[in-house]
Amino acid sequence: MMNACFTPEEQERLARASVLLVGCGGLGSSVAYALAAAGVGRIGLCDMDRVDLSNLQRQVLHHTVDVGRPKVESAREKLLALRPGTRIELHPVALTSENALELFRQYDVVLDGSDNFATRYLVNDACVLAGRPQVHGSIFRFDGQVTTFVPGHGPCYRCIYPTPPPPGSVPSCAEAGVIGVLPGFIGSLMAMEALKLITGRGDTLIGRLLIYSALDMDVSEVQVRRNPDCPICGDHPTIHELIDYEQFCGGAGR
Amino acid sequence: MNVTLTEQDILRYSRHIILPEIGGRGQKRIKAASVLLAGLGAAGSAAALYLAAAGVGRLTLWDPARLIEDDLVRSIAHTRSHLGLSRAASAREKLVAINPDAVVTASEAPDALPGLVEGHQVVVATCGDWMALQRAVVNAGAAAVFAGVRGAYGAALAYRPGTPCLGCLPPEERGEAGLMPEGREDAVAAAADVVGVTAATEALKLILDIGNPLTGRLWRYDGWAATFRETRVARRPDCPLCGGKDA
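If you read the protein sequences in the order shown, they are chains V and U. Under the working numbering, think of the first position of the first sequence as 1, with each following residue one higher. Under the working numbering, think of the first position of the second sequence as 1, with each following residue one higher.
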């Protein structure tokens, strides 16, 4: 299947590319559909959760009959129905400091659609250490953020957020709620970033943090810079291997 | 409003109900709402999936085009096994699978379109004859979101009675912004999804009467640059579609 939006060379790059999605929830749903449709050759899905009824209001990869099934299996089925030739690799495990580096090295680009701070810092550090570009997205109630981090080119997540918020200070989606369309918007922007990283076309969000309000339908852009004192990507890094992120986030990163 | 939320609804929509701006009252409004989706191509597909997931009670899908291979690279509401069905019928199967409680009707008669507007609260228009749609929307006192995508560029404008309509926007301005119904041109699915989800978000805001809708605001997205722009649209008293009609 050809898409006239891409040159044959770009399509070839997409077909050869591999992307790892950390999380097959709200963000992962929209990311996965868009990447499969674009013809990304290999998509890794990392999520250990099962589909819950309360997911279906926003996680459009999963159908009502999928409630109770592992999310990665439900996701694979939908992606293959859209684009049968795609290699879908399932990683139904918790991402940990023990497995993250080895997993990330198997993919060209990592997309963080996780829902807690411990995983965000783990994904960031593992991407820096493994030298993998990362597209970051997060959602909260009616608001979201998206940006792209490429090691050696611009900031990383820690440059922008050096320390996690105090445990319990930021409620989860379950506690605070989220409008179902929000991950669709942020996830689709993340997918577009991945396509630009893979094809080399357009301007990515390196050094640019987009802040979105669904209620206002407004996107503002903040310039973000690399911190030379960043403990992982700075001039004199002090973190050389993955740490205990639950502890780093105060044990309540979830 | 004569709808109630079942125990299953309360579980399914708990992430909405917990939001003060939506709550149980808002979720009932969504359940009582009826949306006409004119077009189940690139942007329309994403809009449809998210509106069904959000719990819109009644969805009417209009799209006479047959699903072809090329659709599958840009529109996420379809599957390969549906090739040859109308895009309305194809998307209907997916929406019902996502949300079996939604009443989803597919219409594939090419000339059915403006006539379908009556009885719907919001029209999400991505294909079809937009001027005829806008006229019908004005006459029915309904609301609408017009959204178009080409390549990785998209545009949208929302309407509710009393606000600038599509006819108030000079055609050259509309064309320059890319606010046009979708044809058979290609689109990047990721960008089409940004535009389609924007349309779904606006439809929900119009149903819920929350936030600042895209009424009078011509919204534009450039996927390759990851930039958004907005220009104001004013009401034209001599507009051929809405001129002289007050909310």
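Misleading hints may appear alongside valid ones.
As the list claims (entries may be wrong) - Label-pair restraints from in silico Cβ distances:
1) V/Gly68 - U/Asp111: 42 to 48 Å
2) V/Pro165 - U/Asp129: 46 to 52 Å
3) U/Gly162 - V/Val222: 50 to 56 Å
4) U/Thr6 - V/Glu77: 52 to 58 Å
5) V/Gly131 - U/Thr6: 49 to 55 Å
6) U/Arg235 - V/Ala94: 50 to 56 Å
7) V/Gln223 - U/Glu172: 45 to 51 Å
8) V/Asp235 - U/Thr6: 56 to 62 Å
9) V/His240 - U/Glu21: 41 to 47 Å
10) V/Pro165 - U/Ala132: 48 to 54 Å
Keep in mind that the hints were calculated from the coordinates and are not lab data. We put the beta carbon where it would ideally sit given N, CA and C, even for glycine.
Hints versus structure:
1. V/Gly68 - U/Asp111: 42 to 48 Å: Hint holds: Cβ distance 44 Å, inside 42 to 48 Å.
2. V/Pro165 - U/Asp129: 46 to 52 Å: At 51 Å between Cβs, range holds.
3. U/Gly162 - V/Val222: 50 to 56 Å: violated, 35 Å
4. U/Thr6 - V/Glu77: 52 to 58 Å: Between U/Thr6 and V/Glu77, where Cβ atoms are some 27 Å apart, the hint is violated.
5. V/Gly131 - U/Thr6: 49 to 55 Å: Given about 51 Å between the Cβ atoms, the range holds.
6. U/Arg235 - V/Ala94: 50 to 56 Å: With Cβ atoms ~55 Å apart, the hint holds.
7. V/Gln223 - U/Glu172: 45 to 51 Å: Distance hint for V/Gln223, U/Glu172 is violated at roughly 34 Å.
8. V/Asp235 - U/Thr6: 56 to 62 Å: Holds, since V/Asp235 and U/Thr6 (Cβ atoms, about 59 Å apart) stay within the stated range.
9. V/His240 - U/Glu21: 41 to 47 Å: holds, 45 Å
10. V/Pro165 - U/Ala132: 48 to 54 Å: At roughly 52 Å between Cβ atoms, U/Ala132 and V/Pro165 fall inside 48 to 54 Å, so the hint holds.
Violation of the numbered hints given earlier is confined to hints 3, 4, 7; the remaining hints are satisfied by the structure.
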